[in-house]
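S.K.: Listed below, chain by chain, are the residues.
2 protein chains.
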Amino acid sequence: MRQIKMIRFYIGRIMRNLAVFIRWGIFSAFVGLFVGAFSTLFAFCLRQVTSFRTENPWLILCLPLAGVVIVFLYGVFRYKNDKGTNMVLSSIHAEAEVPFRMAPLIFISTIITHLFGGSAGREGAALQLGGSIGQQLGKLFRFDEKDQRIVVMCGMSAAFSAIFGTPIAASIFSMEVVSVGVMYYAALVPCVFSSLVASKFANHMGIGPNVFKIRQMPLFEVVPSLKVIGLALCCAALSVVFCMALHSLGDFYRNKLKNPYIRIIVSSLVIILLTIILQTDDYMGAGVPVIQRAIQGNVEPLAFVWKIVFTALTLEAGFKGGEIVPSFFVGATFGCLFGHIVGISPSLCAAVGMMSVFCGVTNCPITSMLIAFELFGYHGVPFFLLGISVSYLMSGYYGLYHDQTIVYSKYKTEYINRKARN
Amino acid sequence: MRQIKMIRFYIGRIMRNLAVFIRWGIFSAFVGLFVGAFSTLFAFCLRQVTSFRTENPWLILCLPLAGVVIVFLYGVFRYKNDKGTNMVLSSIHAEAEVPFRMAPLIFISTIITHLFGGSAGREGAALQLGGSIGQQLGKLFRFDEKDQRIVVMCGMSAAFSAIFGTPIAASIFSMEVVSVGVMYYAALVPCVFSSLVASKFANHMGIGPNVFKIRQMPLFEVVPSLKVIGLALCCAALSVVFCMALHSLGDFYRNKLKNPYIRIIVSSLVIILLTIILQTDDYMGAGVPVIQRAIQGNVEPLAFVWKIVFTALTLEAGFKGGEIVPSFFVGATFGCLFGHIVGISPSLCAAVGMMSVFCGVTNCPITSMLIAFELFGYHGVPFFLLGISVSYLMSGYYGLYHDQTIVYSKYKTEYINRKARN
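Residue numbers (the working numbering), protein chains in the order written: chain A, 383 to 804; chain B, 383 to 804.
Keep in mind the hints are simulated off the structure, nothing from the lab.
Warning: the hint list may mix true and false statements.
Since the list gives no way to pick one copy over another, a pair counts as held whenever it fits inside one copy or between any two copies.
[Claimed, not checked] Using 30 Å as the maximum straight-line C-alpha spacing, the simulated DSBU-like pairs for lysine-lysine come out as follows:
#: 1; residue 1: 528; residue 2: 801
#: 2; residue 1: 521; residue 2: 801
#: 3; residue 1: 595; residue 2: 794
#: 4; residue 1: 638; residue 2: 387
#: 5; residue 1: 638; residue 2: 801
#: 6; residue 1: 801; residue 2: 640
#: 7; residue 1: 801; residue 2: 387
#: 8; residue 1: 595; residue 2: 640
#: 9; residue 1: 595; residue 2: 638
Work the whole structure out from these sequences, hints included.
M.R.: Pasting the structure below:
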């Protein structure tokens with residue numbers, strides 16, 4: 383009698399688990415397909431406008447006009463206090479909701495920003511796009527509040543995966559970034575499924591990942607390791623500077639230039655002026671070609687400084703995009719320079735710098751490791767581990783996303799549960 | 383004036399962080415070297431006794447005697463309630479301490495177990511060795527209670543890395559396994575440093591990792607994916623069975639055969655009898671050759687069942703070793719069989735099965751992914767992601783380590799903080 387009860391109990395539980403699995407499996411594959419399709423379209427549009435802008439660099443002269451259009455659009459949709467990717471993180475903390483009108487808005491504004499040469503990334507936009515679409519689908523299927531968070535993560539993973547072509551890192555990123563130190567493993571299956579489907583879809587449509595090849599890999603010995611640790615220390619400092627630059631300019635604009643139209647026009651004029659002085663289009667758009675050159679070992683010495691300046695001017699003025707590819711740019715160009723100065727493969731240093739700065743500004747060491755494998759392969763893994771872990775520790779509690787929670791101390795095994803500083 | 387204060391404040395903070403970094407950097411490199419040396423010696427001894435046993439299979443007839451020696455040794459050192467790897471996990475929860483006499487005890491007993499053909503792994507022993515040595519070093523340098531936890535993790539990482547040759551997975555494993563869902567990132571730099579140093583040392587001494595090559599990789603399409611998901615569901619069930627088998631036999635022994643000498647003699651006799659009936663040495667020791675054959679696509683149909691039986695008989699009777707390599711064995715042999723039955727690359731299925739069962743019994747999805755990359759390379763990544771995530775979700779709250787805490791629900795984004803069931 384007791385055994386029959388036991389067996390019933392176990393069968394009941396297996397059935398319940400299977401039901402959870404099938405429900406999430408199907409739903410997340412669907413989210414992957416849907417968000418993947420949107421993100422692929424987004425990536426495709428970005429690619430088109432970027433190649434159009436590369437051929438017509440005079441477009442930057444229209445940047446002030448583009449800015450006015452973006453501010454106007456956000457005004458029309460009564461959506462002035464845009465918090466960008468923060469909004470998506472808050473929605474996972476269940477403090478806010480991602481409004482659906484955010485999806486088309488961020489889509490169009492990012493395309494405009496890139497067309498007219500603003501310095502911005504694309505993942506930020508993709509994360510907001512994915513989170514927003516995911517949440518709408520979750521509402522449609524009447525998920526409860528807790529599952530709704532998983533749905534948002536699922537959408538973020540799908541978008542990141544489609545745009546960036548790194549399905550593993552994408553699956554983990556949305557689980558890691560929200561609360562540093564806590565892994566929302568309940569979202570593991572949904573995030574893995576949606577990001578695999580999305581990357582498959584994007585790949586099928588011809589949006590492949592950028593894969594880089596590191597040149598002159600040194601052996602993993604004491605001297606190169608110490609040099610890489612030195613690089614990581616600098617990258618940690620650089621990520622703090624990057625976060626502070628964005629934040630300070632944002633504060634300055636909010637206090638001194640309260641009118642968003644004037645703000646975006648002034649910022650655009652400064653960008654145009656700097657572009658004319660520097661006579662280069664290196665700092666327009668995401669800047670993937672510059673990253674590629676850095677990984678090949680070629681770099682302008684001050685590129686990393688200028689990228690910080692241009693990105694802060696672009697994003698804090700109200701243009702849209704994201705901070706992730708700019709952080710790659712800053713890390714790669716600085717790393718390459720560091721390699722030339724210190725006398726160790728500039729190509730390796732560019733790659734390690736890229737991941738270290740990314741880790742410093744997002745506080746996501748595991749995602750950084752996974753991106754490193756997916757972009758650079760298994761070679762040089764010890765150097766990436768050193769760079770990422772040191773940059774994580776030394777970049778303090780600064781971060782790009784104000785709504786990111788850092789749950790455990792970086793220095794002690796202590797519960798601190800504080801917001802990232804920026 | 384205010385700015386000078388600010389600058390002082392920042393410089394003070396930078397100095398504090400640098401001090402933390404340098405302290406941990408040096409200490410963890412030292413732990414890596416020390417534990418790496420011990421673990422290399424351990425791995426070397428294991429290799430010697432394994433090759434000696436392979437040439438002299440009659441040694442299994444002395445298994446009862448070997449068992450008596452092990453029980454006697456644990457008795458002499460007044461250390462009867464051995465909880466194995468659990469002890470190390472508890473010490474990180476700050477509930478217990480790893481006694482130093484554990485290190486030589488586990489070293490010798492594991493060597494004896496392997497020499498006489500007991501079915502057991504080696505990582506379990508290595509983790510205990512590393513944790514125990516780490517803790518002693520921490521005491522020597524007077525670390526406080528919270529840092530002491532990091533030191534134990536640091537030692538575990540070093541040992542895992544030296545024995546298994548997978549530095550990335552080793553760094554993350556000790557941070558992930560203690561409390562599932564919480565990442566102790568404060569231990570990131572120490573664990574990375576110690577595991578890199580230890581793996582470098584072991585490599586230098588000729589203890590390299592086992593690297594496997596998957597044959598006949600199918601394309602990542604719908605049908606192979608569904609088959610892999612089917613495999614993962616079976617592996618989840620298998621990991622529950624594995625945990626239950628160990629646990630039930632342990633309970634049975636504790637209740638019915640209270641005398642540890644009689645217990646280990648009876649168990650040894652059963653092992654000898656089964657070995658004579660089956661006429662194979664496949665189930666002696668860790669069984670790496672069988673895993674290798676499975677990854678090449680060759681397998682005995684019932685190998686996975688027998689390995690569970692042999693491992694339970696060995697470990698629950700009081701022999702020492704670990705459960706990790708046996709879980710690899712069970713997963714690989716079952717996966718290979720599944721591949722033959724369902725008609726999809728048995729080699730891929732063996733590899734995916736290996737990681738899925740490991741994930742099911744340890745509840746460590748990220749470590750599983752990292753081990754997969756380190757052992758099998760980047761090919762087949764989508765299949766590993768599917769297998770690992772599904773097995774994680776579906777294996778419930780079962781686990782090898784009773785003192786492992788599962789902090790967040792596997793099904794909802796909920797705080798549950800319960801112990802693993804076994």
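S.K.: Give the relationship of residue 801 and residue 387 under a CA distance limit of 30 Å: within one copy only, between copies only, both, or neither.
M.R.: Answer is between: at 24 Å across copies they meet the 30 Å cutoff, but 48 Å inside does not.
S.K.: Is the C-alpha distance from residue 638 to residue 387 at most 30 Å within one copy, between copies, in both cases, or in neither?
M.R.: For residue 638 and residue 387, the Cα distance is within 30 Å only across copies (25 Å; inside one copy 71 Å).
S.K.: State whether the alpha carbon distance between residue 595 and residue 638 is at most 30 Å within one copy, between copies, both, or neither.
M.R.: neither (45 Å within a copy, 62 Å between copies)
S.K.: Please sort residue 521 with residue 801 into within, between, both or neither, judging by C-alpha distance up to 30 Å.
M.R.: within (28 Å within a copy, 34 Å between copies)
S.K.: Given a CA cutoff of 30 Å, do residue 528 and residue 801 count as a within-copy pair, a between-copy pair, both, or neither?
M.R.: This pair counts as both: shortest intra-copy Cα distance 21 Å, inter-copy 22 Å.
S.K.: Can you tell me if residue 638 and residue 801 fall within 30 Å by alpha carbon in one copy, between copies, both or neither?
M.R.: within (26 Å within a copy, 55 Å between copies)
S.K.: Are the CA atoms of residue 595 and residue 640 at most 30 Å apart within a copy, between copies, both, or neither?
M.R.: neither (46 Å within a copy, 61 Å between copies)
S.K.: When Cα atoms must be at most 30 Å apart, do residue 595 and residue 794 count as within-copy, between-copy, both, or neither?
M.R.: neither (37 Å within a copy, 40 Å between copies)
S.K.: Up to 30 Å between alpha-carbons, please classify residue 801 paired with residue 640: within, between, both or neither.
M.R.: within (26 Å within a copy, 54 Å between copies)
Checked against the numbered hints above, the structure breaks hints 3, 8 and 9 and satisfies the rest.
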